[in-house]
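Given only the sequences and the hints, what does the whole structure look like? Please build it.
Residue numbers (this note's numbering), protein chains in the order written: chain X, 1 to 149; chain F, 1 to 149; chain A, 1 to 81; chain R, 1 to 81.
Check each hint, because a few of them may be wrong.
Unchecked claim - According to the in silico footprint, chain A covers these stretches of chain F (three or more CB under 8 Å from chain A): (1) 49 to 57; (2) 70 to 76; (3) 79 to 91; (4) 107 to 116; (5) 119 to 126.
Claimed, not checked - Covered stretches of chain X (in silico footprint by chain F; criterion: 3 or more residues with CB under 8 Å from a CB of chain F, positions within the stretch not fixed): (6) 33 to 44; (7) 49 to 58; (8) 61 to 71.
To be verified - A short list of chain F residues far from chain A (calculated; beta carbon distances all over 12 Å): (9) Q17; (10) Y45; (11) S138.
FYI, nobody ran anything at the bench for these hints, they're computed from the structure.
Note that beta-carbon positions come from the ideal geometry of N, C-alpha and C, so glycine has one too.
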Amino acid sequence: MLIRVTPDELDTAEAIQAVGSPAAGAINVFLGVVRDNNMGRTVQYLEYDAYPSMAEKVMRELAEAAKERFGLEDCAVLHRTGRLEIGEASLLIAVSCGHRAESFEAGHWLVNEIKKKVPVWKKEVWEDGEAWVEGPESLGIQQAPASMR
Amino acid sequence: MLIRVTPDELDTAEAIQAVGSPAAGAINVFLGVVRDNNMGRTVQYLEYDAYPSMAEKVMRELAEAAKERFGLEDCAVLHRTGRLEIGEASLLIAVSCGHRAESFEAGHWLVNEIKKKVPVWKKEVWEDGEAWVEGPESLGIQQAPASMR
Amino acid sequence: MNVTVLLFASVADRAGTRRVELPCAAGDTVASVRDRLLERFPQLAAAVPTLMYAINEEYARESDPVPAGATLAMIPPVSGG
Amino acid sequence: MNVTVLLFASVADRAGTRRVELPCAAGDTVASVRDRLLERFPQLAAAVPTLMYAINEEYARESDPVPAGATLAMIPPVSGG
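See the structure below:
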């Protein structure tokens with residue numbers, strides 16, 4: 001199980017290789033990519049902050065949960081940190097399993113959970129300013145019981 | 001739009017590069033991979049036959065349809081032919097779009113349609129024999145009106 | 001006037017060839033050309049119930065006319081992916 | 001006895017630091033350590049309603065006890081991916 005928070009470029013081939021298995025008939029790869037716009041504003045680049053050791057821990061827990069829940073052969077989750085230009089990948093998820101339907105479901109479930117729970121933050125930098133994005137899907141915003149705040 | 005039927009190894013990095021776009025926030029990649037078993041039998045390798053010119057035509061039509069239907073930025077569909085060993089990719093789909101949900105839906109829709117409509121065939125080779133797979137999802141088996149047979 | 005008939009996968013194996021030139025006349029349809037193919041390769045009869053057809057790389061019905069010089073493909077159930 | 005408090009993203013920017021050592025006593029909870037942090041950095045008060053917390057890399061509740069020598073992270077709404 002390949003789990004990594006890193007300032008280096010994410011390598012799709014490495015992740016696909018890592019989840020390869022003779023019993024896998026399907027591999028699904030999801031890349032979260034830096035887009036040139038958000039909420040109607042032009043984005044110049046993103047800056048990612050992270051709590052790397054905890055982020056890796058949460059990513060590993062989610063990967064284990066996905067493996068169990070969807071019967072995966074294997075799973076890789078990588079998140080990049082630091083300054084990312086338009087078109088660069090910030091998140092890379094790869095899952096392998098016997099059949100295709102589970103590969104799509106598992107990948108989608110994982111990215112949704114990552115957006116809620118993994119302690120990583122992005123700052124959008126525009127021509128005329130910048131702001132940390134407080135994720136609308138974050139545990140603290142929507143999902144946490146009041147007692148967890 | 002990258003569409004290709006080829007005897008050569010499928011290159012995921014090339015497909016990701018091909019669908020890249022400044023407006024894309026999500027890229028989904030699906031790999032159909034040769035599995036070491038099917039229907040309870042041990043598979044040694046697969047041999048793919050194709051009607052390459054028509055396969056590329058149908059793949060292009062499906063890619064255009066997916067682009068329209070899911071609002072994709074771009075789309076790549078590649079299918080390999082010839083002898084494929086366990087773990088090698090026979091099908092590579094990459095889609096790019098603004099947001100993640102559409103990327104998963106589009107990739108899943110595309111692989112389902114490809115399994116129904118693209119004129120490609122696989123032969124399973126076992127230790128003690130071989131057989132052409134007549135796809136249970138093929139248009140001719142389930143979806144075609146009787147008049148199309 | 002000829003039609004080029006393409007055979008694939010199990011159908012090509014049974015026929016022992018991937019390509020056959022058959023005569024074709026005005027009024028020929030997918031079904032009539034296919035039946036002419038079966039006269040030459042009776043071992044293909046068992047495949048007919050699940051066959052699909054394409055004229056010049058476009059899926060076609062049994063009743064569709066086959067233009068002179070066309071390529072007619074016999075398409076067994078596909079299993080790509 | 002100390003606790004190491006980690007700050008990230010907007011919270012780190014507002015505090016002007018990513019790491020603070022605070023005294024910690026028996027009976028301290030996430031909430032009591034956080035309130036001690038706010039005494040030193042009152043500009044963080046606005047962030048509190050959406051903050052989450054982690055003790056030694058595990059999400060924790062405001063009422064959870066903070067062990068001596070623990071690392072307590074202030075976690076603003078995450079936005080990875």
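Tested hints:
1. 49 to 57: Coverage by chain A holds here, the residue count being 7 at a Cβ distance below 8 Å.
2. 70 to 76: Contact hint for the region 70 to 76 of chain F vs chain A: violated, 0 residues under 8 Å.
3. 79 to 91: holds (count 3)
4. 107 to 116: holds (count 4)
5. 119 to 126: holds (count 5)
6. 33 to 44: holds (count 5)
7. 49 to 58: Coverage by chain F is violated for the region 49 to 58 of chain X (0 residues, Cβ < 8 Å).
8. 61 to 71: violated (count 0)
9. Q17: 23 Å, holds
10. Y45: F:Y45 is indeed farther than 12 Å from all Cβ atoms of chain A, at 15 Å.
11. S138: 4 Å, violated
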